[in-house]
Amino acid sequence: MISFHLNGKPVQVEVDPATPLLWVLRESLGLTGTKYGCGMALCGACTVHLEGEAIRSCVAPLSRVEGKQVKTIEGLSDDLSHPLQKAWIELDVPQCGYCQSGQIMSAAILLSKIPKPTDTDIDEAMSGNICRCGTYPRIRRAIHRAAELAKDKAAADRESPVNEYSAAEAGR
Amino acid sequence: MSAPAMVDRRTFLKTATTAGGGLIVALYAPGFSAQEQTPKPDPIRPFAYIKIASDETVTIVANHSEMGQGVYTSLPMLLNEELEADWSKIRVESAPVDAVYNHPMFGLQMTGGSTTTAAEWDHYRKLGAAGRTVLVEAAAQQWKVPASSCRVEKGMVIHAATSRKASYGSLVEVASTIPVPGDVPLKQPKDFTLIGKSTRRLDTPTKTNGTAQFGIDVVIPGMMTVLIARSPVFGGKLASFDASETLQVPGVKAAVQVPSGVAVIAERFWPAKLGREKLKTKWDEGENANLSTTKMLSDFSAQSSAPGSLAKKVGDPQAALASATRKITAEYDVPYLAHAMMEPLNCVVDLRDDSCEIWTGTQFETVDRANAAKTAGLAPEKVKIHTTLLGGGFGRRANPSSDFIVEAVQVAKAAKVPVKVMWTREDDMQGGWYRPMWHDRFVAGLDADGNPVAWTHTIVGQSIMAGTPFEAFAVKDGVDSASVEGAADLLYGIPNLQVDLHSPRIGVPVQWWRSVGHSHTGFSVEAFFDEVAHAGGKDPYRLRQALLAKQPRMLAVLNLAAQKAGWGKPLPKGVGRGIATHFSFDSYVAQVIEASVEKNGNVRVHRVVCALDCGRVVNPDTVKAQMEGGINFGLTAALKTEITLENGRVQQTNFNDYPMLRMFEAPSIEVFIVPSEEKPTGVGEPSVPPVAPALVNAIFAVTGKRLRRLPIRASDLPGAGVNP
Numbered sequence: 001m002i003s004f005h006l007n008g009k010p011v012q013v014e015v016d017p018a019t020p021l022l023w024v025l026r027e028s029l030g031l032t033g034t035k036y037g038c039g040m041a042l043c044g045a046c047t048v049h050l051e052g053e054a055i056r057s058c059v060a061p062l063s064r065v066e067g068k069q070v071k072t073i074e075g076l077s078d079d080l081s082h083p084l085q086k087a088w089i090e091l092d093v094p095q096c097g098y099c100q101s102g103q104i105m106s107a108a109i110l111l112s113k114i115p116k117p118t119d120t121d122i123d124e125a126m127s128g129n130i131c132r133c134g135t136y137p138r139i140r141r142a143i144h145r146a147a148e149l150a151k152d153k154a155a156a157d158r159e160s161p162v163n164e165y166s167a168a169e170a171g172r
Numbered sequence: 173m174s175a176p177a178m179v180d181r182r183t184f185l186k187t188a189t190t191a192g193g194g195l196i197v198a199l200y201a202p203g204f205s206a207q208e209q210t211p212k213p214d215p216i217r218p219f220a221y222i223k224i225a226s227d228e229t230v231t232i233v234a235n236h237s238e239m240g241q242g243v244y245t246s247l248p249m250l251l252n253e254e255l256e257a258d259w260s261k262i263r264v265e266s267a268p269v270d271a272v273y274n275h276p277m278f279g280l281q282m283t284g285g286s287t288t289t290a291a292e293w294d295h296y297r298k299l300g301a302a303g304r305t306v307l308v309e310a311a312a313q314q315w316k317v318p319a320s321s322c323r324v325e326k327g328m329v330i331h332a333a334t335s336r337k338a339s340y341g342s343l344v345e346v347a348s349t350i351p352v353p354g355d356v357p358l359k360q361p362k363d364f365t366l367i368g369k370s371t372r373r374l375d376t377p378t379k380t381n382g383t384a385q386f387g388i389d390v391v392i393p394g395m396m397t398v399l400i401a402r403s404p405v406f407g408g409k410l411a412s413f414d415a416s417e418t419l420q421v422p423g424v425k426a427a428v429q430v431p432s433g434v435a436v437i438a439e440r441f442w443p444a445k446l447g448r449e450k451l452k453t454k455w456d457e458g459e460n461a462n463l464s465t466t467k468m469l470s471d472f473s474a475q476s477s478a479p480g481s482l483a484k485k486v487g488d489p490q491a492a493l494a495s496a497t498r499k500i501t502a503e504y505d506v507p508y509l510a511h512a513m514m515e516p517l518n519c520v521v522d523l524r525d526d527s528c529e530i531w532t533g534t535q536f537e538t539v540d541r542a543n544a545a546k547t548a549g550l551a552p553e554k555v556k557i558h559t560t561l562l563g564g565g566f567g568r569r570a571n572p573s574s575d576f577i578v579e580a581v582q583v584a585k586a587a588k589v590p591v592k593v594m595w596t597r598e599d600d601m602q603g604g605w606y607r608p609m610w611h612d613r614f615v616a617g618l619d620a621d622g623n624p625v626a627w628t629h630t631i632v633g634q635s636i637m638a639g640t641p642f643e644a645f646a647v648k649d650g651v652d653s654a655s656v657e658g659a660a661d662l663l664y665g666i667p668n669l670q671v672d673l674h675s676p677r678i679g680v681p682v683q684w685w686r687s688v689g690h691s692h693t694g695f696s697v698e699a700f701f702d703e704v705a706h707a708g709g710k711d712p713y714r715l716r717q718a719l720l721a722k723q724p725r726m727l728a729v730l731n732l733a734a735q736k737a738g739w740g741k742p743l744p745k746g747v748g749r750g751i752a753t754h755f756s757f758d759s760y761v762a763q764v765i766e767a768s769v770e771k772n773g774n775v776r777v778h779r780v781v782c783a784l785d786c787g788r789v790v791n792p793d794t795v796k797a798q799m800e801g802g803i804n805f806g807l808t809a810a811l812k813t814e815i816t817l818e819n820g821r822v823q824q825t826n827f828n829d830y831p832m833l834r835m836f837e838a839p840s841i842e843v844f845i846v847p848s849e850e851k852p853t854g855v856g857e858p859s860v861p862p863v864a865p866a867l868v869n870a871i872f873a874v875t876g877k878r879l880r881r882l883p884i885r886a887s888d889l890p891g892a893g894v895n896p
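Read top to bottom, the protein sequences are chains A and B.
Quick note on our numbering: the first sequence kicks off at 1 and runs consecutively.
Quick note on our numbering: the second sequence kicks off at 173 and runs consecutively.
Pulled out of the complex, with its shape left as it was, chain A reads as follows (with noise of 0.2 Å):
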């Protein structure tokens, strides 16, 4: 049995600690948001988050994030208000849509870590996951353009603290 932290809320799970986390996800927990791809890390479909940081889930078995908080793109927001869904809905940024969650999740880390990122940040942050579409001038667009709503957010929520998305967050 191994336990963790799924989007905010306690989980447990029997299966072979060396199963990929992407297997788990998806068929234990029912979680399908996060995609597989190539199953070697190579295309960044599966990313997720560990403890804060961008990981590819294909790659790292169960047994790595017993007792960690995870999140998943289904636990980015519960309404489509995080900045980078605004901004990739504003922009249409996704096709077939397929490598989307994973592009999402890795750009969520990125900007957790350098709010207002250049293109150079955006193209080392963002190179370990292949669109085949071929999307990426919207995604580089849509997460400028996430910067500026959080930033604005970020301005907002200071002259009024409550709001839903920091209440939604502060409940996880």
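Treat each hint with caution, since some may be false.
Claimed, not checked - Covered stretches of chain B (chain A as the covering partner; in silico rule of three or more C-beta atoms under 8 Å from a C-beta of chain A): (1) 240 to 247; (2) 376 to 382; (3) 557 to 568; (4) 821 to 835.
Because the hints were derived from the structure by calculation, they are not lab data.
A quick note: this is a predicted structure, and the numbers were derived from the prediction, not measured.
Think of the CB as a built atom: it goes at the ideal place given N, C-alpha and C, for glycine as much as any other residue.
Starting from the known structure of chain A, fit chain B onto it as the hints suggest.
This is chain B only, laid out in the frame that chain A set:
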């Protein structure tokens, strides 16, 4: 395996076009009933496509698959332009398999050939108009007023004179009993409120929070997950297998022989994968065990020196070559390519005694249903296909033999439980059905002024239709039209032209891949054109301009791209500029690329300017997105990928050795759309063909080196680079 059952899609298109109105295609296709094949555009059945709920939600049924191209938004836009429901209430769902959902040009339910908008342009608007008409009629009858005195707005029928209103949701039950009038006039374009306005995609929210459901996400009760051990050589047969260690893996339930190999049936993916790794198999590898793309490369080149089956002849090219002041010859090569959709193939099957239910991302529903039915031993109407979202298609999910679906039905038969057959990335990459390897040999003759007066083009490459039961139908006089598209229909005004084709039979399964034949002719024709221009001392843009004088739409995109790119203006040191045009899927595209070569031979693409004429545009932002995506797709083919075989084995396995363009390599892209009132034409594919030639032409401009083989290798450019 059941017989492949599809004719070349260009043949469909031509048949449809010559039939006038593009609506009647009757084909001989074994396995399909006439009812399945014959499109049923009339009578218009609006409520097969429009579901209005009491909460006023309007669900529009999409008869084409969403694989990223945005049709789950553009189809509702077309329909609602006429229906005039409240756009915020519009939902979309995929169509079940039924003749009412057939492609209006092709007479089969399918998605491909960049035809969705072109094919549905009238049909979906007529559906919306018919739906609106009977909804208004229902209100008029209820109010006992003439229908002509009512109007509609945002899902309401309104009778202004008496201040009465009724919602579509309250009227739909009565409306659906009212006969649909034969001919409802459609709006004039000047009255469009949705068409032509950039509209946010309906599927984006679900693609940003993980709820979008792809085939791989489908779970049904009692389902087992299956991986298949397949022959390492195409066409190889299983000789024997030993599953004793496989069966010891916890979670593995069984290992059974199926026609394509051994199915490892497990509770979940990971045990299936571990179990397959433990499986011992022996194969009768058969005649393809010696296949080598290295050898094919030289074989193709040798073949190209003899003329093949004639695809096109204008004037007297041989005489013109003989009398030309100067002759130029060049040979071009492109490799096999895998589609490499981000979502590897998968298929869920629930097979019962008298039914078969299938969930998968497919582009080929009618064909798949027929092939699945044949495999299951059921009538087609007993087979139900749920088309999920496709995690990329690019042609792979429109397989004439329905390979990944038929195989899953075979597994379900053997397993006797519901199954999800999954393909690992390696399975998908090594599984064949590639873009064919092609060789293009050109000879051009120039006159004393440096103008091309003769152009001959010999093509060598597998026919996609060869070996299928439709070869006799789809291949005319030894020429598969898909092999020569973009070459035989050359737009340049060259007075003497010849295009001929060799179609060697090789045991590598091939298939259409985003832009099909144009993916090699776009490259070779436009790169060779650059050579011709250079040889004649002409500017490559100006020579194109001169030879496109009678092609106003192509000329307009050429000029637009050149102008926006600043053709002729100075560039930073070490940066070259290349230009290319290509006509495909009835659309006109021109691109200008700026690129440089680093000291180590690595190519950097800085900027791509793309101009497009695709007729009337439905959703401009989606069209731009398709151009952006197609350009990056084309750059991956130009710079990165090839499938090679040695000893019959595919050499590539995953994204380490079949690498994709990544964020740091993705250039700045600018897209310009020529306003047009012509009928809509293709968008999904036409941006791909000009990318590689514009790039190699840019590299020539800065290095003086001609690159005639894709993908471009750093080793092709030793010491060529100048770091800007």
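The hints, checked one at a time:
1. 240 to 247: holds (count 3)
2. 376 to 382: It holds, with 7 qualifying residues against the three required.
3. 557 to 568: holds (count 6)
4. 821 to 835: holds (count 7)
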